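A.B. asks: Guided by the hints, dock chain X onto chain D, whose structure is given.
One-letter residues, chain by chain:
Number of protein chains: 2
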Amino acid sequence: MDRYRPPLDDIRFSLAHEVPLTRLTAEPALAVADPDTVAGLLEEAGRFAAEVIAPTDRVGDREGARLVDGGVVLPEAFRTAYAQYVASGWGAVQHPEAFGGGGFPLLVATAVKELITTANMAFSLGPLLTTGAVHLLTHHGSEDQRARWLPRMVTGEWTGTMNLTEPQAGSDLGAVTARAEPVGDGSYRVFGQKIYITYGDHDLAEQVVHLVLARLPDAPPGTKGISLFIVPKRMVGPDGAPGEANDVRVVSIEHKLGIHASPTCVMAYGEGGDGAWAELVGDPHDGMRQMFTMMNDARLGVGLQGLAVAERAVQRAEAYARERTQGRAVGTPPGTQSPIVAHPDVRRTLLEARAQIDAMRALCYANAHALDLAQHAGDADERARQQALADLLTPLSKAWCTDLGVELTSEALQVFGGMGYVEETGVAQQFRDARIAPIYEGTNGIQAIDLVGRKLPMEDGGLVARVLDGLLAELDGAPDAVAELVPPVVAAADLARDLAAELLAMRDDPRDALAGATPYLRVLATVIATALVVRGLVAAERARAAGEAVDAGLLAARTARARVLVRRVLPRVHGLAAAVRAGAADLYAEGTPAA
Amino acid sequence: MDRYRPPLDDIRFSLAHEVPLTRLTAEPALAVADPDTVAGLLEEAGRFAAEVIAPTDRVGDREGARLVDGGVVLPEAFRTAYAQYVASGWGAVQHPEAFGGGGFPLLVATAVKELITTANMAFSLGPLLTTGAVHLLTHHGSEDQRARWLPRMVTGEWTGTMNLTEPQAGSDLGAVTARAEPVGDGSYRVFGQKIYITYGDHDLAEQVVHLVLARLPDAPPGTKGISLFIVPKRMVGPDGAPGEANDVRVVSIEHKLGIHASPTCVMAYGEGGDGAWAELVGDPHDGMRQMFTMMNDARLGVGLQGLAVAERAVQRAEAYARERTQGRAVGTPPGTQSPIVAHPDVRRTLLEARAQIDAMRALCYANAHALDLAQHAGDADERARQQALADLLTPLSKAWCTDLGVELTSEALQVFGGMGYVEETGVAQQFRDARIAPIYEGTNGIQAIDLVGRKLPMEDGGLVARVLDGLLAELDGAPDAVAELVPPVVAAADLARDLAAELLAMRDDPRDALAGATPYLRVLATVIATALVVRGLVAAERARAAGEAVDAGLLAARTARARVLVRRVLPRVHGLAAAVRAGAADLYAEGTPAA
Chain D
45 MDRYRPPLDD
55 IRFSLAHEVP
65 LTRLTAEPAL
75 AVADPDTVAG
85 LLEEAGRFAA
95 EVIAPTDRVG
105 DREGARLVDG
115 GVVLPEAFRT
125 AYAQYVASGW
135 GAVQHPEAFG
145 GGGFPLLVAT
155 AVKELITTAN
165 MAFSLGPLLT
175 TGAVHLLTHH
185 GSEDQRARWL
195 PRMVTGEWTG
205 TMNLTEPQAG
215 SDLGAVTARA
225 EPVGDGSYRV
235 FGQKIYITYG
245 DHDLAEQVVH
255 LVLARLPDAP
265 PGTKGISLFI
275 VPKRMVGPDG
285 APGEANDVRV
295 VSIEHKLGIH
305 ASPTCVMAYG
315 EGGDGAWAEL
325 VGDPHDGMRQ
335 MFTMMNDARL
345 GVGLQGLAVA
355 ERAVQRAEAY
365 ARERTQGRAV
375 GTPPGTQSPI
385 VAHPDVRRTL
395 LEARAQIDAM
405 RALCYANAHA
415 LDLAQHAGDA
425 DERARQQALA
435 DLLTPLSKAW
445 CTDLGVELTS
455 EALQVFGGMG
465 YVEETGVAQQ
475 FRDARIAPIY
485 EGTNGIQAID
495 LVGRKLPMED
505 GGLVARVLDG
515 LLAELDGAPD
525 AVAELVPPVV
535 AAADLARDLA
545 AELLAMRDDP
555 RDALAGATPY
565 LRVLATVIAT
575 ALVVRGLVAA
585 ERARAAGEAV
595 DAGLLAARTA
605 RARVLVRRVL
615 PRVHGLAAAV
625 RAGAADLYAE
635 GTPAA
Chain X
45 MDRYRPPLDD
55 IRFSLAHEVP
65 LTRLTAEPAL
75 AVADPDTVAG
85 LLEEAGRFAA
95 EVIAPTDRVG
105 DREGARLVDG
115 GVVLPEAFRT
125 AYAQYVASGW
135 GAVQHPEAFG
145 GGGFPLLVAT
155 AVKELITTAN
165 MAFSLGPLLT
175 TGAVHLLTHH
185 GSEDQRARWL
195 PRMVTGEWTG
205 TMNLTEPQAG
215 SDLGAVTARA
225 EPVGDGSYRV
235 FGQKIYITYG
245 DHDLAEQVVH
255 LVLARLPDAP
265 PGTKGISLFI
275 VPKRMVGPDG
285 APGEANDVRV
295 VSIEHKLGIH
305 ASPTCVMAYG
315 EGGDGAWAEL
325 VGDPHDGMRQ
335 MFTMMNDARL
345 GVGLQGLAVA
355 ERAVQRAEAY
365 ARERTQGRAV
375 GTPPGTQSPI
385 VAHPDVRRTL
395 LEARAQIDAM
405 RALCYANAHA
415 LDLAQHAGDA
425 DERARQQALA
435 DLLTPLSKAW
445 CTDLGVELTS
455 EALQVFGGMG
465 YVEETGVAQQ
475 FRDARIAPIY
485 EGTNGIQAID
495 LVGRKLPMED
505 GGLVARVLDG
515 LLAELDGAPD
525 AVAELVPPVV
535 AAADLARDLA
545 AELLAMRDDP
555 RDALAGATPY
565 LRVLATVIAT
575 ALVVRGLVAA
585 ERARAAGEAV
595 DAGLLAARTA
605 RARVLVRRVL
615 PRVHGLAAAV
625 RAGAADLYAE
635 GTPAA
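Just so you know, the sequences run in chain order D and X.
Residue numbers for the first sequence follow our numbering, so the first one is 45 and each next one is one higher.
Residue numbers for the second sequence follow our numbering, so the first one is 45 and each next one is one higher.
Since the hints were derived computationally from the structure, they do not count as laboratory data.
Don't take every hint at face value.
Each pair may be met inside one copy or between any two copies, as identical chains are not told apart.
Here are the simulated lysine to any residue pairs, SDA-like style, with alpha carbons at most 25 Å apart [to be verified]: (1) K268 to P383; (2) K268 to P377; (3) K268 to T369; (4) K268 to S215; (5) K268 to Q381; (6) K268 to E225; (7) K268 to P554; (8) K268 to H329; (9) K268 to R110; (10) K268 to P378; (11) K268 to T380; (12) K268 to R368; (13) K268 to L515; (14) K268 to P211; (15) K268 to M332; (16) K268 to T182; (17) K268 to A583; (18) K268 to G486; (19) K268 to E141; (20) K268 to G379.
Note that the structure is predicted; figures quoted are calculated from it, not measured.
Just chain D, same shape as in the assembly (with noise of 0.2 Å):
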């Protein structure tokens, strides 16, 4: 029950119907991404998922990572998988080509980072905290310092890492007390402590490039006064190799709930008095608008653990409720044992769950889909809508995909009963795993004030208004087979229109919008998520009319699955309405607590 089975079959159809990739290789700067190219580039990634990184997860869990002289060591299959990933050119398939990287759509590469997410989590941190330095370096480095750091990094051997936190400065950033000195020669020295650094060290590769936020000694307070720099593990000579050690150390290494093989680092700048060499990356003062421009794809990658990780413990759970039996299914003959899948809570449970498995990749993709075009399309004014749609969206794909990532693999650990306790099984990991996603990468809560203090009032308040229309305009005139699934989506978009504009419309006290912004969340997401996947289905409906080649066993499946989403799921955002309405006064009233 352990093997793990690449989700071709369900990317694929979200491809073809959901979020089509035609739209995006419709535009020149994407045409590489044609669908043939794809689908052969997606069956290798699975297979490259299952055979060679999925194997590493167990060990990976169990050995973790350790801090043995100064050094972090990972378990020596993950020096083997990851030698493999480099060579393979996994790394670089969303990457310019300027750089060596395969010029991929984001949707593209977003569907291999979830192959090899599933296949192993803890495993893919270390390239997608590669890539966000990729991507920042690729926008904001120097000409110089792009040809000197990319190429390598691309490839990935070397790797990066984001340097944010301090113990004080967590979700505030603008308190970051680290420092840089510039000596003169153009380059700086680098003082100070962060935390929480993931892939900080490791001996996957010879290189770590760290991105660090630090003050320059003339800024000013807060997040005004914060510049990024470059900071190498290792000393590189004039032939561009790794040389002599950079002052960088690895204090401690974390002991976690889950992702053990995932190094969390404490890392010490300049501790030898000197400080730690290091480039500025664009302009002083900059560093917080440098690491915006990240931060979507950031959040989107981590989104995509939340999908990821129930999509393997849920594969697992579909797997032992076929083999379990365990009392008599309805209908079936006195003295026998039936599957456990035959029972309704089970179907239930397995259902409910892939169906929001569904609808979380049709978040994600949708969102990566729309920061494609954002970057990409022909037209300006397309790229201005689409960059606020995926700034609508990333939140949600943020912190509903990982709120969902933390429910949906308890959910499968239920499914195994008393297995599920029991850490050989396996899918205790994934519910020790998933458990971060919704901290890092900007907590869920700083996500819900994201969407209501920032996204909401987008195009004068009207921006959560125009994408539902864009939606639901397009299940008009649904077919006769998904037709009945479009009412009940229709209903919520109305309330969640209702609410936002509800919540826009909070004056009294600024804190009763930001009382309702979880739930309201929450709402949203699931709102847009069931209209993405109803769309998907409306569309896949309509090719089949039109005598186009569609899978008839995985329509059914997934038309089964969305009817389970429509009519069980999705109503759920009608009890969390009092919720986003309710304010702060509650919250603040005579016996809460005192600050």
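C.D. replies: Below, chain X without anything else, positioned relative to chain D:
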């Protein structure tokens, strides 16, 4: 922030107003529990839990149970604490005075258990299983058996276990294959293997009294052919002292997600060839019925774990949220950082959690209260009514409180941000510990099936309506201070009553009602628990109006939390109605998993 504070104020409030202890002490058999005695007992239990038990929680998680030379070894701190537990008489509180017990109502014992469990769930499981065994032998053992076994089990000098599960017999105990043979001297020999045996072996006590389900040679198949046996770890000599070993062996212990210090054993009986010495309890083939008599108590005990672990985790989160500064709250001067408890979304998290903990406590205590009156009320009709109430509340306490235990420990962990994911912080342990409770003692799916299949049909299908109407009647004419809380409770109760009738009316396919069982359990538990909370406030306001001493600060705090419960949490039930009503057709449609 790691300091455990026994929630005595809340417990006292519940016993005074929500589930009045004085209603119990009005019965002569329960007069021992006069409020002053109980107040002193709880004060002392709180001190014991905080000072003696709570310090063993983290070390128990880190060291865990170990199998050494065929016996289970627990952390040294557990042996010391358990000796004090026995010496102080905490295990005896609820047991009959005839066997050395305190003769207190289950309600009072439940409060004591809550305190011990909140301090250390893994520790509490030994006493929980022992209590179940005592309960069972009290009701079904012969006079001779009770005299020989009970006195030292009541004190906790000897511990007890329940041996039900086998690899092929989990939720379906009819599949049990362990066998027992009479040897002619009145004793039996037991053969077979049992799994998931909590505290199946340990070094806290000199004797372990196993209660084992097995089949006699002439047993009919299924649940009607299962008998119950006493199988001691060590043979008891004529002097009553444990002597040589019985043929009982610990095969292995499980490596689990949580409750590391609670040994979960695979037990082998009669491997040596001649069988493990055993005594039959009660009549042959009567084991399942005997087990059922203690099931309400045991399931309530597990529900209480959800409450207790959530209480501990939320205490940690509340303390952290007051200490940790990050970001600037609305209305505070620029440049300052505020404690995170000042931010609306953090307050929402903490208050929703705390409000649900209040509701869980009200439900568990009401369940115990009903079990006490079912046994001890002077009037036979009253006893029958209270037994029916307890039968209804038990699956709710078990499933709802343990689901919330997982959800609220997760919310508490989230409040810590990155620190929550680091094991040293401690809250991750509660998240892991909590996850077993929805599984054992009947999975929560089994509880939902019990509710819909067995409990809804009681009293000609009128039980739910009677219970709800009774609760609503007590809210009639609520004092002004809480009057606004009543209409939402009435609306939710109307829904719960309607849904019960609809589930009972589903006759086309027996799977339809089962497909709605889990969401319906959530609806009904939320409604009843909320009604109990509001009833408590009504009673407290009336007591205050009548001039009784009521802590004004506490009442304000409870009222604030009840507003959060009623306005933000309770309305979610309306979003679950669709899933209750959806039936099973979608779950078995074309495209859903083949059995």
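A.B. asks: Give a verdict on every hint.
C.D. replies: For each hint, the structure was consulted:
no.: 1; hint: K268 to P383; verdict: between (60 Å within a copy, 23 Å between copies)
no.: 2; hint: K268 to P377; verdict: between (72 Å within a copy, 18 Å between copies)
no.: 3; hint: K268 to T369; verdict: between (61 Å within a copy, 20 Å between copies)
no.: 4; hint: K268 to S215; verdict: within (15 Å within a copy, 60 Å between copies)
no.: 5; hint: K268 to Q381; verdict: between (66 Å within a copy, 17 Å between copies)
no.: 6; hint: K268 to E225; verdict: within (17 Å within a copy, 81 Å between copies)
no.: 7; hint: K268 to P554; verdict: within (24 Å within a copy, 64 Å between copies)
no.: 8; hint: K268 to H329; verdict: within (6 Å within a copy, 77 Å between copies)
no.: 9; hint: K268 to R110; verdict: neither (37 Å within a copy, 54 Å between copies)
no.: 10; hint: K268 to P378; verdict: between (73 Å within a copy, 14 Å between copies)
no.: 11; hint: K268 to T380; verdict: between (70 Å within a copy, 16 Å between copies)
no.: 12; hint: K268 to R368; verdict: between (58 Å within a copy, 23 Å between copies)
no.: 13; hint: K268 to L515; verdict: neither (38 Å within a copy, 58 Å between copies)
no.: 14; hint: K268 to P211; verdict: within (19 Å within a copy, 62 Å between copies)
no.: 15; hint: K268 to M332; verdict: within (7 Å within a copy, 70 Å between copies)
no.: 16; hint: K268 to T182; verdict: within (22 Å within a copy, 72 Å between copies)
no.: 17; hint: K268 to A583; verdict: neither (46 Å within a copy, 55 Å between copies)
no.: 18; hint: K268 to G486; verdict: within (19 Å within a copy, 56 Å between copies)
no.: 19; hint: K268 to E141; verdict: neither (33 Å within a copy, 72 Å between copies)
no.: 20; hint: K268 to G379; verdict: between (73 Å within a copy, 13 Å between copies)
In summary, the structure is inconsistent with hints 9, 13, 17, 19 from the numbered list given earlier, while agreeing with the others.
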